[in-house]
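Novice: One-letter residues, chain by chain:
Number of protein chains: 2
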Amino acid sequence: MNAAAAAPAALLDPDGVRASVDAVLYAFLDEQERAATDLPEIGLFTKMLRTMLAAGGKRIRPFLCVTGWAAITDRTPPPAVWRVAASLELFHAFALIHDDIMDKSDTRRGRPTAHRALAARHAHHPDADTLGVNTAILLGDLALGWSYELLHADDRRIHRTWKLLNALRTETLIGQYLDLAATGDLTAGTDTAWRIIRYKTGKYTIERPLHLGAAPADADPAQLRSLSAYAIPLGEAFQLRDDLLGVYGDPARTGKSTLDDLREGKHTVLVATALERATPAQRRTLHSALGDPSLDPTAAEAVRGIFSATGAAAAVEQMITDRLHAAERALDGSTLREPATTALNRLAAAMAHRAS
Amino acid sequence: MNAAAAAPAALLDPDGVRASVDAVLYAFLDEQERAATDLPEIGLFTKMLRTMLAAGGKRIRPFLCVTGWAAITDRTPPPAVWRVAASLELFHAFALIHDDIMDKSDTRRGRPTAHRALAARHAHHPDADTLGVNTAILLGDLALGWSYELLHADDRRIHRTWKLLNALRTETLIGQYLDLAATGDLTAGTDTAWRIIRYKTGKYTIERPLHLGAAPADADPAQLRSLSAYAIPLGEAFQLRDDLLGVYGDPARTGKSTLDDLREGKHTVLVATALERATPAQRRTLHSALGDPSLDPTAAEAVRGIFSATGAAAAVEQMITDRLHAAERALDGSTLREPATTALNRLAAAMAHRAS
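As given, the protein sequences belong to chains A and B, one line each in that order.
Under this note's numbering, the first residue of the first sequence is numbered 1, with each subsequent residue one higher.
Under this note's numbering, the first residue of the second sequence is numbered 1, with each subsequent residue one higher.
Same shape as in the complex, but just chain A (with noise of 0.2 Å):
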């Protein structure tokens, strides 16, 4: 932050602000991927606000934000004022790309909006126009989340928690563009259905949430590993009964219909285990059927009927009584105290066997 310690004339200058608050935005979106290295995928979303940065804008908020401190005071403002106003930009870049997504807009600056440049980015997807709108929306949320991140990022009082809550964040929104990508593409393999449960469900749903209340109670590095070993194969058994759920369920006990997934073709373990399973006949009927959005009663008895005779319903059932067993060892073994343990043993019986 080099700027931090220039004179009063050259803060007022335009392309100083901007070198200066660019250089925290890009700092801020490099610690951003170097805190997700499991999420290789956030890259598309940096690079994409990169890009944005790069065309153009004229910081004018930024800009803004240091003359008012300069026109208030001599004194040299300190590197919180200039993540203000490098939040301010991200903001803008948040609000610019969910504007262009409800203007339905083409271009800006005479480049490709986000959502047209995300569909062109994924031409190889049967809807990429979707996806792309779809995908925007999450990138338009990443910036708006980091707006705030850039602001707190040296508050030490709630460092712990503020860390956790944007990983919080960032896993949901990239777990979420996970699943889109995903959904009515049936040559992605379990590997990405495993994935799409970790974020969305493991993380988010259960370990995010413990750790977010133990940490501030000062709990150890093995609590919090004993509370993780308890919630990912947790959200793994809650995303395994729901998947079966969406196909077997009593529509009147979960209020959806049992056509909806397979209409939607969602990419779940279930299906991913039947279609390494099938034999090619199998395997033909499978993918006509998963994402027809005119599926009948009938396709999908079918389809269940084929879910059966492979195996796979009985082998996602085990799936399920593995992990709830996983999740049930993890507390046995670990520091952590009753009553919450009894709680937690009774919340994932209830997860795992749920019938709504």
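Everything labelled a hint here was simulated from the structure, so no lab data went into it.
Be a bit skeptical, because a hint or two may be false.
Any copy will do: because identical chains look the same in the list, a pair fits if it lies in one copy or spans two.
[Stated by the list, open to error] Computed cross-link-like contacts, DSS-like style, restricted to lysine-lysine with a CA-CA straight-line distance of at most 30 Å:
hint: 1; residue 1: K58; residue 2: K256
hint: 2; residue 1: K104; residue 2: K58
hint: 3; residue 1: K47; residue 2: K58
hint: 4; residue 1: K256; residue 2: K47
hint: 5; residue 1: K47; residue 2: K104
Fit chain B to the given chain A structure using the hints.
Specialist: Leaving out everything else, chain B in the frame of chain A:
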């Protein structure tokens, strides 16, 4: 926050957690409504969130957060843990709203999803479905932003900055909503056009950034008022120039066609002024041309003719001059310092007279 004083056993009662977390959330939504007294439209958004929260949901993330605390210690969780728990629930509301848009889901828990409910509320609008989706994107954005705000309401060190930033986000997103709702609705008067300018340009682009720099520099209230008195008219001048450029500008310099705003039926002060001054025949021409997606250059020329004949274009030029002078007077009569005031005067002239 009654549960903050609850005994450990009661702490792990899901209904108790739900009641405590909901109390934090409802109080927070009340607070947002009170803080946005001049934006009554916020009620549409807070009401949607209250309805979603009341409709159900297991509050599993807040429950796990509190349980994570109890797994480590017998101590009573501090209010910060309850705020984190509530923040998780608000973040989840955001995620559901945006997910339902991306998945094109019509119902959730047996009720219309946010974008469907919002489309139904705007049934009078020519494109209610799109408006419903776009408003739901904004609703999700607000919930996302508030999930951060909720966490930091008690942080005194950056309290002034944080409140300003929250105001900026709220005003920007609701300004965008006003714009979406007014576009294509020629019955909206000049009052609406001025409010859109105030929130989308005057405050977002100029006033809030200036205040965000000035507040941490210990600006006194008179200095903040001087910055506002500069910002609001300048924002108006900037937007009025934008509206003129959208109809009369040189596409080679502005980078956009002079047909787009007319085809979109963009609700500008120029349009509203022309409609107010038009003869019945002119008004009929404007009503048939504005918002017509196939408007051709000949019809656009007829519209420009009416903007001139009614004196609307000249009136808007005069409004720009008046507002530039008002911005300059605000700096002259202030205790704001050089060289910032010179930089601000230069910027004002450039914004009001720009050709691109």
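Novice: What hints, given by number in increasing order, does this structure fail?
Specialist: none
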